[in-house]
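**Q** Build out the structure end to end from the sequences listed, making use of the hints.
Residue numbers (the working numbering): 1 to 551.
Hints listed in this document are in silico derivations from the structure and should not be mistaken for laboratory results.
Virtual Cβ for every residue (Gly too), placed ideally from N, Cα, C.
One or more hints might be untrue.
Computed list of lysine-lysine pairs in BS3-like fashion (alpha-carbon distance at most 30 Å, straight line) [said to hold, decoys possible]:
| # | residue 1 | residue 2 |
| --- | --- | --- |
| 1 | K120 | K326 |
| 2 | K310 | K326 |
| 3 | K310 | K323 |
| 4 | K108 | K120 |
| 5 | K108 | K446 |
| 6 | K446 | K503 |
| 7 | K120 | K40 |
| 8 | K446 | K310 |
| 9 | K446 | K120 |
| 10 | K310 | K108 |
Per label pair, the in silico range of CB-to-CB distance [unchecked claim]:
| # | residue 1 | residue 2 | range |
| --- | --- | --- | --- |
| 11 | T531 | G69 | 44 to 50 Å |
| 12 | A335 | D275 | 23 to 29 Å |
| 13 | E458 | V305 | 18 to 24 Å |
| 14 | D275 | E336 | 24 to 30 Å |
| 15 | G119 | E325 | 33 to 39 Å |
| 16 | P412 | P89 | 29 to 35 Å |
| 17 | K120 | K310 | 50 to 56 Å |
| 18 | G465 | E336 | 34 to 40 Å |
| 19 | P415 | A515 | 51 to 57 Å |
| 20 | S161 | S277 | 33 to 39 Å |
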Amino acid sequence: MDGASYPVSPVQVVHSDVVVVGSGTAGMAASLALAQAGRKVRLLTKTDDLPGGSSLWAQGGVAVALGAGDSAADHAADTVAAGAGLTDPGMARLLAEAGIVEMSALLKAGLPADRGADGKPLLGREAAHGRHRILHAGGDATGRTLVTFLADRVRATPGISIHTRAAAADLVVRETGRGRRVQGVLAYEDCTGWVLHVAPHVVLATGGTGQLWAVTTNPPEATGDGMALAARAGAHLADLEFVQFHPTALAVAGPPGRRPLLTEALRGAGAKVLDASGHAFMADEHPDAELAPRDVVARAIGRRVARGEKVFLDLRPLWAAGKSEKFPTVAGICAEAGLDPAAAPVPVAPAAHYHMGGVLTDADGRTSIPGLWAAGEVACTHVHGANRLASNSLLEAVVFAGRVAAALMAEPAAPQPVAVPDAPVVPGGAAAADLAAEAQLLMAEKVGLVRDGLGLAEAAARLQGLTLAAERLVPARDYDGIRAGLELRNRLLLSRLVVEAAKRREESRGAHTRADHPETRDAWRHHQILTYSDLGRVAEVEPATTRETRS
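**A** Next comes the structure, spelled out in structure tokens:
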């Protein structure tokens, strides 16, 4: 900051039963369940409209054991196998069993699924699944179809107050005789300014962290906001070193940011991964070839890309067999890039895709701070272990959003005195984008598919420098500037936590690969839990002052 003083902006205070932060599958599903049970819900999203988050872009589908000969036990076993020794078997079984119930209910409620001539849902197969159990809707537009369905229902539900262009800045917590408890969320809203949303329960459903890296399949809003909010409030986070890189994002030039992914279902349908000579090399890497776990495929492609070689996904057999109609999203992506999959293989490369770690929760979404809940990608239930099984993400969001709602309803909280913070001055301005891009490139170079101790140490030092630089930016004055400033603060904090977790785990396991520790070690078959206090000291903006009012 430049040392000047600025007038304190007023903070409007509003009350509700529950505040849900995030408008993807988990946020909307939780809001619906809570409102239908009679709770007054405020749904905050920093996006311009519903839906938001990565769910909108999910192509692959929803993994659920609905097919003949399949079972929850088989689905759970595949989930555990993919997790490289860190998946909780009980959580995997819960996900698979509850997934059948939840997805059957959504289908009954009218979710449009792709069906065969017999009227039953068509089920595809993807990597590391032993059976055909991938439910699709709209071909390769499953995520878009699901969140559009949920958004329509959210808008039609009177008990949900939707706040768009509302960027959450911090959780408000209160020290009680029994420890800390969440009281609400401080947010900046485009039409209102600073608002303290007071509630005895806050549900984080903000999705993942893909935008921490220079190339990602995630949309611009995936900046780790919920994890950062929880970390600053003192919550426990777990498994932050495990970041899944999707093997086959379309390799097109451009600035740091989102790249379209080419769904895993393409490989499930027979697409091959080729090197520049046309050799299908995945059969040399793993017995399951193109259907090997994602981390295996991503590293195989990534090694070649790092050497300057080109890698391609060959869709020609699928297009020749008339299967392009099953992948309209992929066809549109290729057409927009000027590529013809029927004529030539399309270039691909790995991209940051999904965070297996997050805010540590129990099976019902409770975090380490009473009143704070989390569901979806922002949460860590240990169901994904070190490597998420394909198409378990949408299922996780639906299942655990429902569990959060059910558990929250059983825990009413009486109103308590509220600490109302002064509105913060948010550093931002045009330079925020430059710092964000610098951090993204740093994470891609030093904390990508393959890491090592020296690179991680360099990343930690440089991220501290970027954090100090961010705090010296000029104050942001409007919604877009304040959102960018808040996102920069969040992405830098989460980047530092990811680096710290990766530095500590001196082995290679699942999606975490250390070139200087290439072996998987039994001594490391455990989860890492971090808090904000685990980071080294670095100058921070002074905490906001508070004043007491009554709820």
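**Q** Now tell me if each hint is right for this structure.
**A** Against the structure, the hints come out as follows:
1. K120 to K326: 17 Å, holds
2. K310 to K326: 27 Å, holds
3. K310 to K323: Holds: K310 and K323 sit about 25 Å apart, inside 30 Å.
4. K108 to K120: Satisfied, since the Cα-Cα distance of roughly 12 Å is no more than 30 Å.
5. K108 to K446: 47 Å, violated
6. K446 to K503: 11 Å, holds
7. K120 to K40: Between K120 and K40 the Cα gap is close to 37 Å, so the pair fails against 30 Å, i.e. violated.
8. K446 to K310: 21 Å, holds
9. K446 to K120: 47 Å, violated
10. K310 to K108: Violated, because 45 Å separates the two Cα atoms, which is more than 30 Å.
11. T531 to G69: 44 to 50 Å: 45 Å Cβ-Cβ, so the 44 to 50 Å window holds.
12. A335 to D275: 23 to 29 Å: 25 Å, holds
13. E458 to V305: 18 to 24 Å: Between E458 and V305, where Cβ atoms are some 22 Å apart, the hint holds.
14. D275 to E336: 24 to 30 Å: Since D275 and E336 have Cβ atoms about 25 Å apart, the given range 24 to 30 Å holds.
15. G119 to E325: 33 to 39 Å: 19 Å, violated
16. P412 to P89: 29 to 35 Å: Holds, since P412 and P89 (Cβ atoms, about 33 Å apart) stay within the stated range.
17. K120 to K310: 50 to 56 Å: Violated: the Cβ-Cβ distance is about 41 Å, outside 50 to 56 Å.
18. G465 to E336: 34 to 40 Å: 38 Å, holds
19. P415 to A515: 51 to 57 Å: 54 Å, holds
20. S161 to S277: 33 to 39 Å: 58 Å, violated
Checked against the numbered hints given earlier, the structure breaks hints 5, 7, 9, 10, 15, 17, 20 and satisfies all the rest.
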